[in-house]
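**Q** Please arrange chain L on chain B, whose structure you already have, making use of the hints.
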Amino acid sequence: MTEEDEAAFDEFLAARSTALLRTAILVCGASQHDAEDLVQNALEKVYRHWSRIRHDNPESYARRVVVNAAISAARRRRVIQEITFARPPDTPAASPDVELREELMTELRRLPARMRAVLVLRYWEDLSENETAALMGCSTGTVKSQAARGLARIRERMSPREGVLG
Amino acid sequence: MRLEEELAEAMEAHVAGVRATPAMGGAIRRRHRSHRLRFRTAGVALATAAVAGAVPVYLSLNAGPPATVSGPAAQSGQGTAVAVVPDVAVPEVVGMQTQEALAVLEAAGFKAQIEGDGGDGGLVVQQTPAAGEKVAPGHVVVLTSAPPSPTADPKPTEDAGRGGEDRPSIPDDLGDLGDGRRFGGVEFTYLPAGLQWGEGSVKDGFGKTSYSTWWQEDGLEPGMYSVQAVVYRGQAATELGRRMKGYRDQGARPVEIGGERVYIVRAGEDVGQIEEEGTPTAVWTESPGLAVEVMMSPDYYARLGQEKAGAELKRIVEGVVPGR
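Protein chains in written order, with this note's numbering: chain B, 1 to 166; chain L, 1001 to 1324.
With the rest of the complex left out, here is chain B (with noise of 0.2 Å):
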């Protein structure tokens, strides 16, 4: 690798590197410190192959890796989550805004990795069906569907109470 490939990495990591944790956090539903630990082995891999995906749109491929190592992460992490994010019984409320952001994290969590990676570039990263479709490597429709069911499925869990979400 060349210095200028070295200093074109550090800038591309000082653009991305906040927006792809966060990615990772959300996927994965890790805490900041294993999510950190994920990105780092993910990068690793897209700095490895550096001088070679530099010019060739390194963002959506760093993506790609981040979000493929989050699911995979996501599935281990399975059993322990639920241990570790129970929610303690007397938690007291907080504002109601809070609360709700809290419950609809939690369901999001609960959901199948692959679906919550849908949502996350969906309606978090704003990406199109057809981005999402690319960076997961699936069809169109799997995006659409997966969303409808990921929603379909929050919604369902709490409607109970929130019967204002639309």
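Think of the hints as simulated: they come from the structure by calculation, not from any bench.
Treat the hints loosely; a few may be bogus.
[Stated by the list, open to error] Partial pick of chain L residues on the chain B-facing surface, computed with a CB cut under 8 Å: (1) 1003; (2) 1008; (3) 1011; (4) 1012; (5) 1013; (6) 1024; (7) 1025; (8) 1027; (9) 1029; (10) 1032.
[To be verified] Cut-off 30 Å, straight-line C-alpha distance, at most; resulting in silico cross-link-like pairs (DSBU-like, lysine-lysine): (11) 1134(L) with 1203(L); (12) 1314(L) with 1208(L); (13) 45(B) with 1308(L); (14) 1208(L) with 1134(L); (15) 45(B) with 1245(L); (16) 45(B) with 1314(L).
From the three backbone atoms N, C-alpha and C, an ideal C-beta is built for every residue, glycine too.
**A** Just chain L, lined up with the frame of chain B:
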């Protein structure tokens, strides 16, 4: 408000405070340089690779076979893998922070349940089954957690934690092997000059029954390898046969060395995958039920240069004889 928007806002709020550390570039380059044993074993450990970065060598080794022995089919249904995989040893987690213990057990393929006053913020004072006991992957390890005493050593700083990575506890399942040339019923009569035994070994880390050890150049940190060898017997040899067939399907052709048909490939991190910049690897069946794999670390390979490294790899293969 629509659910999509509520959800997007909740996600945004959840990660708004997260910033990647500026040190990430350094950390990534360190990872890249340290082609540790575990990176090679990450190929075996498959899905555990991401987490394995933070755990000692022997954990990634132990975590490996469960995920892989039954092939790609096992990845979709976690339950199906469990029925056919060999038992693995429970890692020692007593004395760790609960969270750390969870991560370690998870990386090793176990589930965990926390009991006791410390909850999930305490210290692990007891574990069942005990460390070293062999149980099926996915087994629930019950941890007894005690509240951390105020005088106890606080959780080491992040840096110290990462420093710990440089001192992995090296497994030595096969005990003192002397020069490491005789194990698993075969003998490695040739090794490149300047390599010493890595003073560690693993039993059944690559499937049952398998034996592995490695050799290092001078000055390499413990747990890193220049050349690593695995001897496969029984079920593990059968699995390796399947992997060789996979290499063949990807276009690899065996070369004849010392009368054996040897596949020499660059093995990627995904099991059975050939990858342009993968680990130089030779695999062959020595006799029915006995197969051998020799891997050269990409660093060592680069240092020797392609031609010399290739020749050395062949000489190592040639030098392998059934043990006396």
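**Q** None of the hints should be skipped; say for each whether it holds.
**A** Right, here's what the structure says about each hint:
{"no.": "1", "hint": "1003", "in the structure": "holds, 5 Å"}
{"no.": "2", "hint": "1008", "in the structure": "holds, 4 Å"}
{"no.": "3", "hint": "1011", "in the structure": "holds, 4 Å"}
{"no.": "4", "hint": "1012", "in the structure": "holds, 7 Å"}
{"no.": "5", "hint": "1013", "in the structure": "holds, 5 Å"}
{"no.": "6", "hint": "1024", "in the structure": "holds, 5 Å"}
{"no.": "7", "hint": "1025", "in the structure": "holds, 5 Å"}
{"no.": "8", "hint": "1027", "in the structure": "holds, 5 Å"}
{"no.": "9", "hint": "1029", "in the structure": "holds, 7 Å"}
{"no.": "10", "hint": "1032", "in the structure": "holds, 5 Å"}
{"no.": "11", "hint": "1134(L) with 1203(L)", "in the structure": "holds, 13 Å"}
{"no.": "12", "hint": "1314(L) with 1208(L)", "in the structure": "holds, 26 Å"}
{"no.": "13", "hint": "45(B) with 1308(L)", "in the structure": "holds, 27 Å"}
{"no.": "14", "hint": "1208(L) with 1134(L)", "in the structure": "holds, 13 Å"}
{"no.": "15", "hint": "45(B) with 1245(L)", "in the structure": "holds, 27 Å"}
{"no.": "16", "hint": "45(B) with 1314(L)", "in the structure": "holds, 29 Å"}
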